[in-house]
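2 protein chains.
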Amino acid sequence: MCEANAYLVTGDGEELVLERVDQLVPQEDGVFLQSIFGQQKILKNVKIKALALVDHKIYLERKED
Amino acid sequence: MCEANAYLVTGDGEELVLERVDQLVPQEDGVFLQSIFGQQKILKNVKIKALALVDHKIYLERKED
Chain W
1 MCEANAYLVT GDGEELVLER VDQLVPQEDG VFLQSIFGQQ KILKNVKIKA
51 LALVDHKIYL ERKED
Chain G
66 MCEANAYLVT GDGEELVLER VDQLVPQEDG VFLQSIFGQQ KILKNVKIKA
116 LALVDHKIYL ERKED
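Taken in order, these protein sequences are the chains called W and G.
Residue numbering for the first sequence is 1 to 65, as defined by the working numbering.
Residue numbering for the second sequence is 66 to 130, as defined by the working numbering.
Hint data in this document are derived by calculation from the structure and do not stem from the laboratory.
In this text the structure is predicted, and so the values were computed from the model without any measurement.
Just so you know, not all the hints are guaranteed correct.
DSSO-like mimics (lysine-lysine), calculated; alpha carbons at most 30 Å apart, straight line [unchecked claim]:
#1 G:Lys112 / W:Lys57
#2 G:Lys122 / W:Lys41
#3 W:Lys57 / G:Lys106
Please build the complete structure, drawing on both the sequences and the hints.
Here it is, written out as structure tokens:
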């Protein structure tokens, strides 16, 4: 399977927010995530920082404003 | 390998813009993409619409403004 783990990157490091993410949809004020198990999370005031798909990683960060 | 193909979604359908993307980094005015083969593309005035990782798909769309 080719899902990725989603991490929130802060000044203190990386926090795992959802494992094995299949679907990600950026929204007006955050991101919607859904894992391969159907678990859903909406993170407010967050955006995609980078994807590293071969490493199975989605990096998220807080929006500046 | 767990890379994904990147598609630009328009009113007319989907256009494949880069195959087997490993790295994606959103930028101020677009997105940077790099494939597992090291091929790089910068797409201006584009943002992520959605990810469907189990289907190996990255959907991009034009920014509205």
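Outcome of the hint check:
The straight-line distance between the Cα atoms of G:Lys112 and W:Lys57 is roughly 19 Å, inside the 30 Å bound, and the hint therefore holds. For the given pair, G:Lys122 sits about 20 Å from W:Lys41 by alpha-carbon distance, which is consistent with the 30 Å threshold. Only pairs whose Cα atoms come within 30 Å are accepted, and W:Lys57 paired with G:Lys106 is accepted, the gap being roughly 20 Å.
Consistency note: the structure conflicts with none of the earlier hints.
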